[in-house]
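Colleague: What follows is each chain in one-letter form.
Number of protein chains: 2
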Amino acid sequence: MISRKISENLGKSSWIRSMFEEGEKLRKIHGAENVYDFSLGNPDVPPPKTVKEAFRKLVLDEDPNLHKYMVNAGFPDVREKVAAQLQKETGVPMSAQNIVMTVGAAGGLNVALKALLNPGDEVIVFAPYFVEYLSYIDNHGGKAVIVSTNLDTFEPDPELLRVKITSNTKAVIINSPNNPTGVIYSEDVLKKISQVLEDKEKEYGTAICVISDEPYNKLVYDNAQVPSVLKIFKNAMVVNSYSKSLALPGERIGYIAASSRIDEIGLLMSALIYCNRTLGFVNAPALVQKVIGETLESAVDTEEYKKRRDVLYNHLTSLGFKCAKPRGAFYLFPKALMDDDVEFIKRALKYNLLLVPGTGFGCPGYFRISYCVSMKIIENSLPAFEALAREFR
Amino acid sequence: MISRKISENLGKSSWIRSMFEEGEKLRKIHGAENVYDFSLGNPDVPPPKTVKEAFRKLVLDEDPNLHKYMVNAGFPDVREKVAAQLQKETGVPMSAQNIVMTVGAAGGLNVALKALLNPGDEVIVFAPYFVEYLSYIDNHGGKAVIVSTNLDTFEPDPELLRVKITSNTKAVIINSPNNPTGVIYSEDVLKKISQVLEDKEKEYGTAICVISDEPYNKLVYDNAQVPSVLKIFKNAMVVNSYSKSLALPGERIGYIAASSRIDEIGLLMSALIYCNRTLGFVNAPALVQKVIGETLESAVDTEEYKKRRDVLYNHLTSLGFKCAKPRGAFYLFPKALMDDDVEFIKRALKYNLLLVPGTGFGCPGYFRISYCVSMKIIENSLPAFEALAREFR
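Taken in order, these protein sequences are the chains called L and C.
When the letters of the first sequence are read in order and numbered with the numbering used here, they come out as residues 1 to 393.
When the letters of the second sequence are read in order and numbered with the numbering used here, they come out as residues 1001 to 1393.
It cannot be assumed that every hint is accurate.
Below, in silico cross-link-like pairs of lysine-lysine (BS3-like), each with a Cα-Cα straight-line distance of 27 Å or less [said to hold, decoys possible]: (1) LYS5/L to LYS1234/C; (2) LYS1306/C to LYS68/L; (3) LYS49/L to LYS1057/C; (4) LYS1012/C to LYS1028/C.
Which bits of chain C does chain L cover? Going by a derived footprint, with three or more residues having C-beta under 8 Å, they are [what the hints assert, rightly or not]: (5) 1057-1071; (6) 1078-1088; (7) 1101-1113; (8) 1130-1138; (9) 1283-1296.
If you want the ones that stay clear, here's a sample from chain L, every Cβ over 12 Å from chain C, calculated [as the list claims (entries may be wrong)]: (10) LEU151; (11) LYS306; (12) GLU391.
Note that these hints are calculated values from the structure, not bench results.
Heads up, the beta-carbon is just placed ideally off N, CA and C, and yes, glycines get one too.
From just these sequences and the hints, can you work out the full model?
Modeller: Okay, here's the thing in C-alpha cells:
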C-alpha cells in the first residue's frame, strides 16, 4: 500500500539507526555500562535551571490562552523577544516580522525549502552533511547538489562551489558548527562564498538563498565565534532550534529568521507562514514557545562537553587518529584507519565501540563520534579505542 | 525568490483568514463585544482540570528524560495507553505498535499521505471539506478528487463515490463529526462505502486506505455515537488530535492509529514513522505526549457547546434558515439566503456578523458558523441574524 519511493528509502539502511540496534544487542550481552555508544546526538546534559523554572511558572499560571491557537507564525511577544536576542547577538536589525517559530530546525528547514523550491530547483549541500537534508530537499521537489569540503579543515572551498552553481540553484545550506565534524566555518570562507553567490546571481539573474542551519551555535569552545550569516549574506535565512542549546530536543521548538535585506521579504515571510500551516505544523508548540521567550539568554553548560571533547580528541590523536579539532557541536569526525569506513566501524564493534561511518554523511573514509555520553563511559572507552588502533599498527 | 506554486496559492484568498482580518477592522471600530465573530474554530472552553494537573505534576517532577528525544513514533508507554484507550472505545485490538504520536492531526494527515502517495495518486475528499486537505494532498504529489455529499444530510452518497473511484485511487478521507457541517456519518452509510471500496479494490486489484480524520469525535451531543471506522473498514487509519477534545490546539498533539487488518501493517508503520521523521516533525512534542498519557479518559465539557448549538440552531431555523442539525463538532452549516454565499457573507458584515462562505469548503450556497464564542456574544448576535434574515423576506 505504501509509496514506492518511501518503500525504497526504507530499504536503504540508516547507519545511525542500525548502530542503535546493534547497540541494543550489545547492551543485552555485556551490560549498558560496558557498551561505548557514540552513535546518537541526544543531548545528555540537563536543560538550564531557568528553563525548568519557566516551565513551572507558566504551568502554575492561569493564562487561559496558554494552550490555544495563536497566529501561525507564533506568539507575537515571543517572536519579538527572539528577534531582539538575535539583533543583540548579530548587530543585524530584526523584528517579530522577520521570525516564524517552527517545530524545531527540522520543521523549519522543511518550511523554508517548501517556500522556496520549484520542481527541479537545485540546493547545494556541503559534504560531510547532516543526512536528513537530502530527504528534506527531496520532499519539496528539489535536487540536492553535493559539494565536497576541504578534507583537512572540513570547510567549503568557494571555488569548488562556484563550478557547481547553475541557473537552477535556488539555495545553499550551511551548517556551522557542523554535524558531523564540529567545525565552525570561518568568516573568511563565508565571505568568499558570499562573493561567489553574488557573482553567480549576477551571471544568471537569479537569487540564491543561504539557509543557515545553526542548532549548535551556542555549543562552542575555546571562545570560538560563529560568524553571523545575516551579516555576511544578503539573501540569508537562519534556521535554528533549542534542541541543543537548551537541551529540549523532544519538545520540537525552533525558528526561522529571514533577513530584511531579502527583496520582497514580506512576501517571503507570508510564504514561510503559509508553508508552516499547510505542511501540517500549523504552529510551533505553544507552551514551549512561551518557555523560550523567558529563557533566551540561557544555554546549557558547555564546559561539560568541552571536557569530553578534550579527553577524546587528545586520546585519539595520541593513538594516531587524524582529526580536525572541533570548536563546536558535540561531534568528532576522525579519519578511519582503513579506507573502508563501514568495515572499520564493524571492527570497532568487537570492542563494544558504537560509531557511525562517514559514508552516512556523504564522506567515506571517516567516522563520527558523538560525545553525548557521560565522562565515565568516555573514560572506560579509552582502552577500547587503543585496542582498535593497535589492530592497524 | 519564492516557489511559483506557493506564490499562486498566497494570491488566492483564504476565507477564514480574510474574515479574521475583516473582524480586526470591525473590532477597532465597534469594540470587541459588538462584533460577532463566528469565523474561527479556536476552542474557547478551558482544558479539563486533569490536563492542568498532569502538566503540573510532570513539570514539577525531576524526570531527566522528559524533554529528550524518544523514538520517532513517540514514547512507548504513551502509545501503549493510547492504544488501550482506543481498544476500549472501539473493541478493536490495538497495541503500541499500531500508534504513531504526531504533531496534531494536521501533522498526522501529512505523514499518512506522504507514506501512501505515489505521484498522481488520487485521494477522495467529500465536499464540504476542511479546506486544508487539498494542500495536504498536493504536498505529497497526490490529486484530490472531490465527491459531493447529499445536501440535505451532508452524508456521502456511496453510489456517487463508486463512479469516482479509479485504479489510481489510493485513499479516501473521512471527517466525521464533520467540519464544516457538524454532521456525524451514520454506520449505515459507512458500511455501504466499505462495500463500494471492497468492490473497487477487487475490480482494480488495488488497496484503498480510509483515512479517518476525527478531531471532533469527543465533541458529540444528544448521546450520538461516532461509528468506529476501525471496525467497519479493513484498510483503516485513524488520524486524531487532542486540540478539540482536550482544548490544546496550540500544543500540536495527536496520533495516527492504523488497523492491524491492513496487509503488511508492519511495513506501513515503518513508513509512517519514517515520514514523521523526514518531513521534519521528528516526533510529537515530548511533554505534552506525557500529559496525554495521563488524561486519556478526560474530555472538555460538551454541555457548554451544546447550549450554544441549541440557541443558535433554534434561532436560525426559526428565522427560516435551512440547516442540518449538527450532532457533533462546534459548527453549523446553514444554507445562505441567496445563491451567492460570498455576497451573502458580505451582507452579514453590515450587522457585524463574521461568517465563512461555503465556497471556502467546496460547497457554495452555504455558510459556516463556528460557535467557539461565549454565550453572551451568541445572545447579543441574535438580533443581528434577525436583521440579516429580514433583508431577504
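Colleague: For GLU391/L, is the shortest CB-to-CB distance to chain C above 12 Å, so the non-interface label stands?
Modeller: holds, 33 Å
Colleague: When you check the alpha-carbon spacing of LYS1012/C and LYS1028/C, does it fall within 27 Å?
Modeller: holds, 26 Å
Colleague: What's the verdict on LYS49/L and LYS1057/C, does the C-alpha distance respect the 27 Å limit or exceed it?
Modeller: Holds, at about 17 Å.
Colleague: With a Cβ-Cβ cutoff of 8 Å, does the region 1101-1113 of chain C contain at least three residues near chain L?
Modeller: With 8 residues closer than 8 Å to chain L, the region 1101-1113 of chain C meets the three-residue bar; holds.
Colleague: Beyond 12 Å from every chain C Cβ: check whether that's true for LEU151/L.
Modeller: The claim holds: LEU151/L sits with its nearest Cβ about 28 Å from chain C, beyond 12 Å.
Colleague: Do three or more residues from the region 1078-1088 of chain C put their C-beta atoms closer than 8 Å to C-beta atoms of chain L?
Modeller: violated (count 0)
Colleague: Would you assess whether LYS306/L, listed as outside the interface, keeps its beta-carbon beyond 12 Å of every beta-carbon in chain C?
Modeller: Given that every Cβ of chain C is farther than 12 Å from that of LYS306/L, nearest at about 21 Å, it holds.
Colleague: Do three or more residues of the region 1057-1071 of chain C come closer than 8 Å to chain L, measuring C-beta to C-beta?
Modeller: holds (count 8)
Colleague: Check whether the Cα positions of LYS1306/C and LYS68/L lie no farther apart than 27 Å.
Modeller: Within the cut-off at roughly 21 Å; holds.
Colleague: Checking C-beta pairs, does the region 1130-1138 of chain C have three or more residues closer than 8 Å to chain L?
Modeller: holds (count 3)
Colleague: Can you tell me if the region 1283-1296 of chain C counts as covered by chain L, using C-beta to C-beta distances under 8 Å and a minimum of three residues?
Modeller: holds (count 6)
Colleague: Measure nothing beyond the straight line between the CA atoms of LYS5/L and LYS1234/C; if it is 27 Å or shorter, mark the hint as holding.
Modeller: holds, 24 Å
Checked against the numbered hints given earlier, the structure breaks only hint 6 and satisfies all the rest.
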